[in-house]
Amino acid sequence: GLLAPFKNGLPADNKMLQMALQRLKQLAAHEVGHTLGLMHNYISSAQNRASVMDYPPPLVSLDKNNEIDLSNAYTNEIGAWDKVSIAYGYQEFAFNEEAAGLDKILKDAAKDGLTFISDRDARDPGGLHPNAHLWDVGKDPVSGLKDIMKIRTKALSQFGENNILKGTPQSMLEDVFVPVYLFHRYQLEAVSKMVGGLYYSYAIKGDGQMITASVSKQEQLNALHALVDCMSPQVLEMPSNIIRLIPPRPAGYEYHRELFNRRTGLAFDPLAAAETAADMPLSFLFNVSRLNRMVQYDAENDGLGIDEMLNVLIAASWKSPRTLGLQQLILQQNEQLLLTYMLSVSVNDDASFATKSAMLQGLDALKLYINAKLKTNNTREYRGYLLLALDRMKFPEKAKPTLHLTPPPGSPIGCDLGDDL
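Here the sequence shown is numbered in this note's numbering, starting from 677 and rising by one per residue.
Be aware that one or more of the hints could be misleading.
What the hints assert, rightly or not - Quick list of simulated restraints, FRET-style, between CB atoms: (1) Arg939 with Ile762: 13 to 23 Å; (2) Lys740 with Gly1086: 26 to 36 Å; (3) Gly836 with Leu1050: 36 to 46 Å; (4) Lys893 with Arg699: 50 to 60 Å; (5) Leu1066 with Asn684: 51 to 61 Å.
What the hints assert, rightly or not - Only pairs whose alpha carbons sit at most 20 Å apart, straight line, appear in this in silico PhoX-like list of lysine-lysine: (6) Lys691 with Lys830; (7) Lys1032 with Lys1076; (8) Lys787 with Lys881; (9) Lys740 with Lys881; (10) Lys815 with Lys893; (11) Lys1032 with Lys1074; (12) Lys691 with Lys759; (13) Lys995 with Lys1051; (14) Lys759 with Lys740; (15) Lys783 with Lys691; (16) Lys1032 with Lys1051.
In short, the hints are calculated from the structure, not lab data. Owing to the predicted nature of the structure, the values given are computational and were not obtained by experimental measurement. Ideal Cβ placement from N, Cα and C applies to all residues, glycine included.
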C-alpha cells in the first residue's frame, strides 16, 4: 500500500520482505518478553522505542528524494526499559541488599526518563494519559500525526494499479487502499488523549516521581487543531482516479469486514470512507469521560473548555466556506456527524450536569446560526439541508453515534485469536 511496488511485476528489491522479517523478529522478542513475565509497556513509543513490549507501528519516513523509506520501520534491539525490567525481575542480590538494589534500579531508570504505563490505561476508551497508546509513534503525538499525514499524502498520490500484481482483480485495490487511507487512525487516537488528558505516573510515596501534571491549554488546542485538520474535506476527498479504479468485486470474491461499509450497493462508496475517517476523531473527542474531565480541569486550572472545543469544531464545519462536488458532501457529512455527537451527549445520563449544560449551550448557539442562515440563503438544496439539521435537533434521543457502521479492523495483529499473534 505504501510503496506501489508492482509496476514491473514483482519488485526488484526486497524492501517489503525485509520489513516483514524485521517485524517478525520484533514480535518474537515481544512474546519471549511475555514468557519471562513482562507486561506491555505502552508509553515506550514516547521514550525512543524503549521496549519491545509496546505495540509498534512501522516507523515510516520520507527520504531526501521524498520517497517512502521503510528501513527504520522496526527496531533491531531489546529496549532500555526491557533491560530494566529483566534486571529488576531476575538480578540476584545478597539478602540484606535486595531492597536497596531494586530501589536503585527503578530510580536510575526514572533518571533516564524510563517509565511504565499498563494495558488498562492505554486501552481506556476515555484516553487519559497523553503518551500511553497502542500503535503510536514519537514523543510528541501531534508532531507524529503531522509526519504520518505526510506519508499518507505521498502514498495516496502514487496509489493506483501498481499497488496490485498483474492478474489480480482490480476490485482488490480496495483491500490495499483501506489501510493507506486510514494510515493515521492510531495516531489520531493518541493525539485525542491530549484533549482533557493528564500526565501521571504510578508514583509511590517518597520515590520522587512526578505524580500528576496538567496538559496545558495550548497543548490541548494544538492537538484539537491537528485533529480538525485531518477531518478537512480536502484531506478526506478521494482522488477521482482511485475511485474509477475500484469496480464491484467479481464472483468468488466476497465483501468482508476489512473493507469500508457502503450505502451505494455494490459500488465503492467514497463518502462512506470519508465518514469513517471523520467520525473517528469525533468519537474520541466526545467520549463522555473526556468531556466530564474537561469541565473539571477547566474549572481547576484554566484548561480547555467544552465551549472552546465546540467553537473550533463548528468553525471548521458549519461556519467554514462552502465548497463544491464531493468536498461539499464531505463537509455536510462532517457537520451532521458533529451534530450527532452534540445531541447524543446532551441526553447522555453519564454526562455530568456541567457537560450537558455546555453541550446544550453549544446546540442553542448552532441553532441560532442555522436560523440566521435560513433567512439569508435562498438556495433550495442548502435550505433543505439546514431544515434537516433543525429537524434533527428536535429529537436528540434519536442521535445514535456512531452514524457510520464499524470501521474496518485495523490493529496489525493478523488474526482474531486475542491480544497477541
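> Has the hinted range 51 to 61 Å been met by the Cβ atoms of Leu1066 and Asn684?
Replying inline: holds, 57 Å
Pair hint outcome, Lys783 versus Lys691 [Cα-Cα no greater than 20 Å]
violated, 41 Å
If you draw a straight line from the CA of Lys787 to the CA of Lys881, is it 20 Å or shorter?
-> holds, 17 Å
Checklist entry - Holds or violated: are the alpha carbons of Lys759 and Lys740 at most 20 Å from each other? => result violated, 34 Å
task: Compare the distance between the alpha carbons of Lys815 and Lys893 with 20 Å, and conclude whether the hinted pair is satisfied.
output: Roughly 18 Å between the alpha carbons, so the hint for Lys815 and Lys893 holds.
Next pair to validate is Lys691 with Lys759; report whether the Cα-Cα distance is within 20 Å. violated, 30 Å
(Q) 26 to 36 Å was suggested as the range; check whether the CB atoms of Lys740 and Gly1086 agree with it. (A) holds, 30 Å
- Query: Do the alpha carbons of Lys691 and Lys830 lie within 20 Å of each other, as the hint requires?
  - Reply: holds, 17 Å
Lys1032 paired with Lys1074 [C-alpha distance capped at 20 Å]
holds, 16 Å
Handout entry: Pair hint outcome, Lys740 versus Lys881 [Cα-Cα no greater than 20 Å]
Key = With Cα atoms ~49 Å apart, Lys740 and Lys881 exceed 20 Å; violated.
- Item | Beta-carbon spacing of Gly836 to Leu1050 - inside the hinted bounds 36 to 46 Å or not | Given range 36 to 46 Å: holds, Cβ gap about 43 Å.
#### Entry: Outcome of range test on Cβ distance (Arg939, Ile762; 13 to 23 Å)
violated, 52 Å
Checked against the numbered hints given earlier, the structure breaks hints 1, 4, 9, 12, 14, 15, 16 and satisfies all the rest.
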